[in-house]
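Engineer: Now for the letters of each chain:
Protein chains: 2
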Amino acid sequence: MSAAPAVVLLSGGLDSATALAIARERGFLCHALSVDYGQRHAAELEAARRVARKGGAQEHRIMRVDLSGIGGSALTDPAIAVPEQPTSGIPVTYVPARNTIMLALALGWAEVLGAREIFIGVNVIDASGYPDCRPEFIAAFGALARLATRAGVEGKPCRIEAPLIGLTKAEIIREGTRLGVDYAETVSCYQADAAGRACGRCDACRLRRAGFAAAALPDPTRYRSL
Amino acid sequence: MSAAPAVVLLSGGLDSATALAIARERGFLCHALSVDYGQRHAAELEAARRVARKGGAQEHRIMRVDLSGIGGSALTDPAIAVPEQPTSGIPVTYVPARNTIMLALALGWAEVLGAREIFIGVNVIDASGYPDCRPEFIAAFGALARLATRAGVEGKPCRIEAPLIGLTKAEIIREGTRLGVDYAETVSCYQADAAGRACGRCDACRLRRAGFAAAALPDPTRYRSL
Chain D
0 MSAAPAVVLL
10 SGGLDSATAL
20 AIARERGFLC
30 HALSVDYGQR
40 HAAELEAARR
50 VARKGGAQEH
60 RIMRVDLSGI
70 GGSALTDPAI
80 AVPEQPTSGI
90 PVTYVPARNT
100 IMLALALGWA
110 EVLGAREIFI
120 GVNVIDASGY
130 PDCRPEFIAA
140 FGALARLATR
150 AGVEGKPCRI
160 EAPLIGLTKA
170 EIIREGTRLG
180 VDYAETVSCY
190 QADAAGRACG
200 RCDACRLRRA
210 GFAAAALPDP
220 TRYRSL
Chain G
0 MSAAPAVVLL
10 SGGLDSATAL
20 AIARERGFLC
30 HALSVDYGQR
40 HAAELEAARR
50 VARKGGAQEH
60 RIMRVDLSGI
70 GGSALTDPAI
80 AVPEQPTSGI
90 PVTYVPARNT
100 IMLALALGWA
110 EVLGAREIFI
120 GVNVIDASGY
130 PDCRPEFIAA
140 FGALARLATR
150 AGVEGKPCRI
160 EAPLIGLTKA
170 EIIREGTRLG
180 VDYAETVSCY
190 QADAAGRACG
200 RCDACRLRRA
210 GFAAAALPDP
220 TRYRSL
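The listed protein sequences derive, respectively, from chains D and G.
Per numbering that gives the first Met the number 0, residue 0 is the first one in the first sequence, and the count goes up by one each step.
Per numbering that gives the first Met the number 0, residue 0 is the first one in the second sequence, and the count goes up by one each step.
There may be inaccurate statements among the hints.
Since the list can't tell identical chains apart, any single copy or any two copies may satisfy a pair.
Said to hold, decoys possible - Subject to a maximum C-alpha distance of 25 Å in a straight line, what follows is the list of computed DMTMM-like cross-link-like pairs (lysine to aspartate or glutamate): (1) K53 x D76; (2) K155 x E24; (3) K155 x E174; (4) K155 x D181; (5) K53 x E24.
Simulated from the structure, these hints should not be mistaken for laboratory data.
These numbers were taken from a predicted model, which means no experiment stands behind them.
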């Protein structure tokens, strides 16, 4: 029996690169999907291309959905600055309904591929407090997926796999390192430069750096200034 | 107190034009959203522009998401023919996860606008058997919306309003006629020509024509041949 296909959402960051490695270890033929939603920079999508290639994805597609027209986030609206100090509550880097939109696109592709699994690298511990990274959100999307598609109606619903959801950043890094993920290829920074070098100051950089420190592993991130 | 904003999904067809009229009657400031998902023709989006303008929408946005790359439907893949005879089961005109994707985009925009309502013109009676037009799908998306967004976390979730869901096509047409909808502006046909003229033979045309007949109202549809 040939390996089953799975869709893996790939942002180019540390978490989704690890999710891809886990999906591969579980034996899936991985169809990587990145969403170009009008991010501030292209470095993230370039990183996704490298991660897909080096991470053994069968193929990699980038779907474009321009969310910059609706704005509402520091990641899609140049008029909103990326914060460089910790903030309370849901940060301005939250992109309205981003994971809902990305999972919806993944669900459509999964249905065409006949894939029964969608992998997404969300995690709730050491995360940024985004509502659409919580286990209850993932469970609700799974319930939706059972009703939303032809495959679901025919008794073959697509499951949402979030293998990192209960892991700390350090645990994610240890797991990915065990699986051979090259984190030097990934870009987590919310304001990386065109070469993919990180600012070292935004929330994503802080969480990532603390993760490598807590995992007692060398941080391969390329910073543009420190 | 000023009127509340709502997002209204507008396809350019008969149902969503009626949903817009209902949202307007309920007093909402309507922000119309059409999704260009690589449909076979542009006539549908042209119709959406006319319906938004004549239907009193505050604004109208078209978001492009190219689903033709994933295919899987007669509406997005030119290699799959639109059937001109009734079929059993879920027809090939079903676009994988289409309503999930459109509602996800509407949810993101609603959050930015501060809108608490999203109107969608799905209906289950006299509909085409699509899984994502059923009441249980709409309810599941509502449950997801409560968890997916900042507004939901803050106790102001967005509701999914599907005012046509329990209506027959004839009842929809009567309600829209009462509200002044000009159905001559709408295009339902799955294979309309560039001028928006309907084929008269596809599933959407058959349902629409039967609806006008059952409502005992004149059918203003422009057919290209009969």
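Engineer: Now tell me if each hint is right for this structure.
Structural biologist: Structure-based check of all given hints:
1. K53 x D76: Neither. Shortest intra-copy (31 Å) and inter-copy (31 Å) distances fail the 25 Å Cα cut-off.
2. K155 x E24: Result: close within a single copy only, 23 Å intra versus 41 Å inter.
3. K155 x E174: Close neither inside one copy (30 Å) nor across copies (38 Å); limit 25 Å.
4. K155 x D181: Cα proximity of K155 and D181: none, with 34 Å in one copy and 41 Å across.
5. K53 x E24: within (14 Å within a copy, 55 Å between copies)
Hints 1, 3 and 4 from the earlier list are contradicted by this structure; the remaining hints agree with it.
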